[in-house]
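Let the hints inform the model, and build the full structure from the sequences given.
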Amino acid sequence: MTIKEIQDEIIEEFDMFDDWMQKYDYLIELSKDLPLLDEKHKLDENIIKGCQSKVWLQASKEGDTVRYTADSDAIITKGIVALLVRVYDQQKSKDILENELHFIDAIGLKEHLSMTRSNGLVSMIKQMKFYALAFQAN
Amino acid sequence: MALNLEKIRAQFPVLHQEVNGRPLVYFDNAATSQKPKMVIEAIAQYYNKENSNIHRGVHYLSQLATDKYEKAREAIRRLLNAKAVEEIIFTRGTTEAINLVANCLTRSLFKPGDEIIISAIEHHSNIVPWQMACEQSGAVLKVIPVLDSGELDMEAYKALLNEKTKFVTVNSISNALGTVNPIEEIIALAHAKGALVLIDGAQSVPHAKVDVQALDADFYCFSAHKMYGPTGVGVLHGKKEILEKMPPYHGGGEMIKEVTFEGTTYNDLPFKFEGGTPNIAGGIGVEAAVRFMEEVGVENIANYEAELLAYALEKLKEIEGVQFIGEAKNRAGLVSFNLEGIHPYDAGTVLDKLGIAIRTGHHCAQPVMDRFDVPGTMRASFAVYNTKEEIDVFIAGIHRVKQMFG
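From first to last, the protein sequence lines stand for chains Y and P. Numbers 1 to 138, taken from the working numbering, label the letters of the first sequence in order. Numbers 139 to 544, taken from the working numbering, label the letters of the second sequence in order.
The hints are simulated quantities; they were obtained by calculation from the structure and are not laboratory data. Note that this is a predicted model, so its numbers are computed, not measured. Among these hints, one or two may not hold up.
Unchecked claim - The calculated EDC-like cross-link candidates involving lysine to aspartate or glutamate, where the alpha carbons are at most 16 Å apart (straight line), are:
| # | chain 1 | residue 1 | chain 2 | residue 2 |
| --- | --- | --- | --- | --- |
| 1 | Y | 110 | P | 490 |
| 2 | Y | 54 | P | 224 |
| 3 | P | 491 | Y | 100 |
| 4 | Y | 42 | Y | 73 |
| 5 | P | 491 | Y | 18 |
| 6 | Y | 129 | Y | 100 |
| 7 | Y | 126 | Y | 89 |
| 8 | Y | 54 | P | 511 |
| 9 | P | 209 | P | 224 |
Written out as structure tokens, the structure reads:
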């Protein structure tokens, strides 16, 4: 599936929910599904520190695609991290760099990307793109 | 005296709204308090009718604005029971007040090998300026450790004091833990060694009667926005004889007596430390904030908030998995805690959805979080307009959080 198709699929999933409670319960579920980052990758170099929560992101090159694994110490952040990984994992560097993320806004979780949240998610998205750029150059 | 809460709450327009479809419960007062109508109106009145630059104009509006601004200085003097208005210096906030002292003393007092003592439970703004002072002067930073209870280790403090100690600074109440520090004792011990003392009163002035003469600290500072006043205004109180000896801080207008290209003579106190056009509207807002506190009664505020805190603690203790961070015998204004196995960010996010504003995170006191080995805490902090009913809503919110993440 393309990045756009995956995002549309997520938006469709969230359309089923009537209120924030159901959305957050779903994020909690997603956080449980996220393949945990191997402890050996929970290194300082992979950490993205927010004021509020921490995110770990690890990336590797697989052919012309990028593989991501990630984790967070906060569950809601981790649920959103899981969605970001779902969108960008196994995609081509070029597609990761060219496609904008529209699903977070569309599913009503934009507040988690605001300045005051400082949960590491904004930096995580930048870092995901940075890896794509670095792997593309190699 | 029982407070007329309905009347008090009616003065705070911001409280009367829904957030995420629920009535707002505002428990983030240690970050900033809400503003009563009399403060908002004083600022509006200034811009609507009185706006003019102060201290230099001979025209009517300038005189009017100057009188109002200087009336604010007098109101602060009264609130702190300071000896003279010359000792009241307006700054942008507590942070700038601390930086002013650190900067001026770096240029006039600190020498290589001197020692500056801070505590392990300071806000970043009472850590970093002293690190910078040490970097520039060659002085050495010493830290009073904190006990598991959240109280300062006073024996360790006594052991740190010596003839090299030039300066001691602590907060009066910790913004991260709510610990009330024994500042009278800290000040007396420092003075016995000939060291100067600065007290960060940011969390005290809104909640308790402060008497700077009885306290005898050399410097005392706080921010107006945490005591029902506007943002962008703070106060540095300093003893006149010490302020007179200090070099000025920012160079510019207002702080000079005479300027030639050969040299400049500086203005008298307090203007020597107030370069540039000040926050006039802010100062006028502070005057109204002091009047608000005086009308309610500072002691009434302190007593009522103590009642709220005791009620919150009692209710929180009943909840399984609540871990208090800091359990000092003497606490004020706020409670800092975690829920076992639940990240403060997750808890704060869900409480927000329920219309409850608390603060989560490190509260600009990362060393405190490291000391207690937590990623952050949940902090509920109170003001005079909060109610026990709001605490009940908050407690119900905590149960909801536990249900979701437990």
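Consistency of the hints with the structure:
no.	hint	result
1	Y:110 <-> P:490	14 Å, holds
2	Y:54 <-> P:224	47 Å, violated
3	P:491 <-> Y:100	28 Å, violated
4	Y:42 <-> Y:73	11 Å, holds
5	P:491 <-> Y:18	14 Å, holds
6	Y:129 <-> Y:100	11 Å, holds
7	Y:126 <-> Y:89	15 Å, holds
8	Y:54 <-> P:511	15 Å, holds
9	P:209 <-> P:224	13 Å, holds
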